[in-house]
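Trainee: For the protein sequence lines, the chains are X and W, in the order given.
Read in order, the letters of the first sequence correspond to residues 0 to 85 in numbering that gives the first Met the number 0.
Read in order, the letters of the second sequence correspond to residues 0 to 152 in numbering that gives the first Met the number 0.
Warning: the hint list may mix true and false statements.
[Stated by the list, open to error] Every beta carbon over 12 Å from chain W, so not counted as near; a handful from chain X, in silico:
{"#": "1", "residue": "N1"}
{"#": "2", "residue": "V2"}
{"#": "3", "residue": "A3"}
{"#": "4", "residue": "E4"}
{"#": "5", "residue": "I6"}
{"#": "6", "residue": "L7"}
{"#": "7", "residue": "I16"}
{"#": "8", "residue": "A18"}
{"#": "9", "residue": "V19"}
{"#": "10", "residue": "M20"}
{"#": "11", "residue": "L22"}
{"#": "12", "residue": "P45"}
{"#": "13", "residue": "I46"}
[Stated by the list, open to error] Derived DEER-like restraints, expressed as beta-carbon distance ranges:
{"#": "14", "chain 1": "W", "residue 1": "R136", "chain 2": "X", "residue 2": "L7", "range": "51 to 61 Å"}
{"#": "15", "chain 1": "W", "residue 1": "R136", "chain 2": "X", "residue 2": "P52", "range": "17 to 27 Å"}
{"#": "16", "chain 1": "X", "residue 1": "I12", "chain 2": "W", "residue 2": "D140", "range": "47 to 57 Å"}
{"#": "17", "chain 1": "W", "residue 1": "G120", "chain 2": "X", "residue 2": "P33", "range": "14 to 24 Å"}
{"#": "18", "chain 1": "W", "residue 1": "G101", "chain 2": "X", "residue 2": "I24", "range": "50 to 60 Å"}
{"#": "19", "chain 1": "X", "residue 1": "M20", "chain 2": "W", "residue 2": "L113", "range": "37 to 47 Å"}
{"#": "20", "chain 1": "X", "residue 1": "L23", "chain 2": "W", "residue 2": "R109", "range": "28 to 38 Å"}
{"#": "21", "chain 1": "X", "residue 1": "V2", "chain 2": "W", "residue 2": "A123", "range": "53 to 63 Å"}
{"#": "22", "chain 1": "X", "residue 1": "P33", "chain 2": "W", "residue 2": "R109", "range": "31 to 41 Å"}
Simulated from the structure, these hints should not be mistaken for lab results.
Note that the Cβ used here is the ideal one computed from N, Cα and C, for glycine as well.
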Amino acid sequence: MNVAETILVFAGIPLAIIAVMALLIFVPGGRKRPRYKSGQPWEHEPIWYEPHPDGPAGHGAHAAIEAGSTGHAGSGAPFGGARGTW
Amino acid sequence: MNTTIEHDAAVDGMHDPYPNSVVRQPLDHIFSFQELARLDEALTMSSRETGLRFTLYLGDLGPQTRTRAEELHGQSGGHLAESVLIAVSPGQRVVEVVTGAGAARRIPDRACALAVLSMTGSFAAGDLVGGIVNGLRQMSDQAGHPHELRHPY
């Protein structure tokens, strides 16, 4: 091989591979949502998530209570649970 | 997909009292659709397997976080005694788990504390969805299936 071919094979190919990798890594836009880091302020409105409506079927009579009227659901007291901070 | 209830009067789907207001947020403005699907699955499967109602609140809890969380539990719908609320406030770095009277018998406070411990570990590392999903898994494993409770032998 002459000098030009040598350079092309041993320097050109690795550089080409690196260039392709760099394109794939840096060009696609980036995250649409900011990544959450502990300690940063939470700017979003409060949001609720509930299980899919055809969820707990209940056993027998209980199913009738979940008719959507929270007024009759009573209260969950006395409450249990836990709390934590980070 | 799960039902996402936002306690904000403008978004109840029936009428828009502020028709010229700010553009509505797209559904994936906090979590990606994949993450939403994971949350949906975790909440639904936990609720289905245990017969308890698990809900998740993500947002500010005010200065008295415990009191506010208990209030929210009262608004979570369904049969309150058999409901569990997980309230996460990433801005205040607090998570409150509130169990109704019936749910508390099946998931004792110690088990809730263990779940909270694993959740806060994940949250501190920036993984909200993973923490919540694992916490739900731990609590529903602790609660067990309703059938098992009727036939202990």
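Trainee: Now tell me, hint by hint, if it's right for this structure.
Mentor: Results for each hint:
Every CB of chain W is more than 12 Å from the CB of N1(X) (nearest about 53 Å), matching its label as outside the interface. For V2(X), the condition that its CB be more than 12 Å from all CB atoms of chain W holds, with the nearest at approximately 52 Å. No Cβ of chain W approaches the Cβ of A3(X) within 12 Å, the least distance being about 49 Å, so the stated non-interface status holds. For E4(X), the requirement that its beta carbon stay farther than 12 Å from each beta carbon of chain W is met, with the minimum near 48 Å.
The non-interface label for I6(X) is consistent with chain W: the shortest C-beta to C-beta separation is roughly 45 Å, beyond 12 Å. The Cβ of L7(X) sits about 43 Å from the closest Cβ of chain W, beyond the 12 Å cut-off, so the non-interface label holds. Residue placement check: I16(X) keeps its beta carbon more than 12 Å from all beta carbons of chain W (closest about 31 Å). Every beta carbon of chain W lies more than 12 Å from that of A18(X), the smallest distance being close to 30 Å; the non-interface claim holds.
Interface exclusion of V19(X) from chain W stands, the closest Cβ pair being 27 Å apart, more than 12 Å. Even its closest Cβ contact with chain W, about 25 Å, leaves M20(X) beyond 12 Å, as expected for a residue assigned away from the interface. Look at L22(X): its CB is around 24 Å from the nearest CB on chain W, clear of 12 Å, so calling it non-interface holds up. With 12 Å as the threshold on Cβ separation, the claim that P45(X) sits away from chain W is violated: the shortest Cβ distance comes to roughly 2 Å.
Under the 12 Å C-beta cut-off, the non-interface status given to I46(X) relative to chain W is violated; the minimum distance is some 5 Å. Distance hint check for R136(W) and L7(X): the Cβ-Cβ separation is about 56 Å, which falls inside the suggested range of 51 to 61 Å. Taking the beta carbon of each, R136(W) and P52(X) are about 21 Å apart, inside 17 to 27 Å as hinted. For I12(X) paired with D140(W), a C-beta distance near 53 Å keeps the hint of 47 to 57 Å intact.
Checking the proposed 14 to 24 Å range against G120(W) and P33(X) shows it holds: the Cβ atoms sit about 22 Å from each other. A beta carbon spacing of about 52 Å between G101(W) and I24(X) agrees with the range 50 to 60 Å that was offered as a hint. M20(X) and L113(W) have their C-beta atoms about 44 Å apart, which keeps the hinted 37 to 47 Å range intact. Taking 28 to 38 Å as the suggested C-beta distance range, the pair L23(X) and R109(W) does not conform, at roughly 49 Å.
At about 57 Å, the CB distance of V2(X) to A123(W) agrees with the hint of 53 to 63 Å. For the hinted restraint 31 to 41 Å between P33(X) and R109(W), the CB-CB distance of approximately 36 Å keeps it satisfied.
Of the numbered hints listed earlier, those contradicted by the structure are 12, 13, 20.
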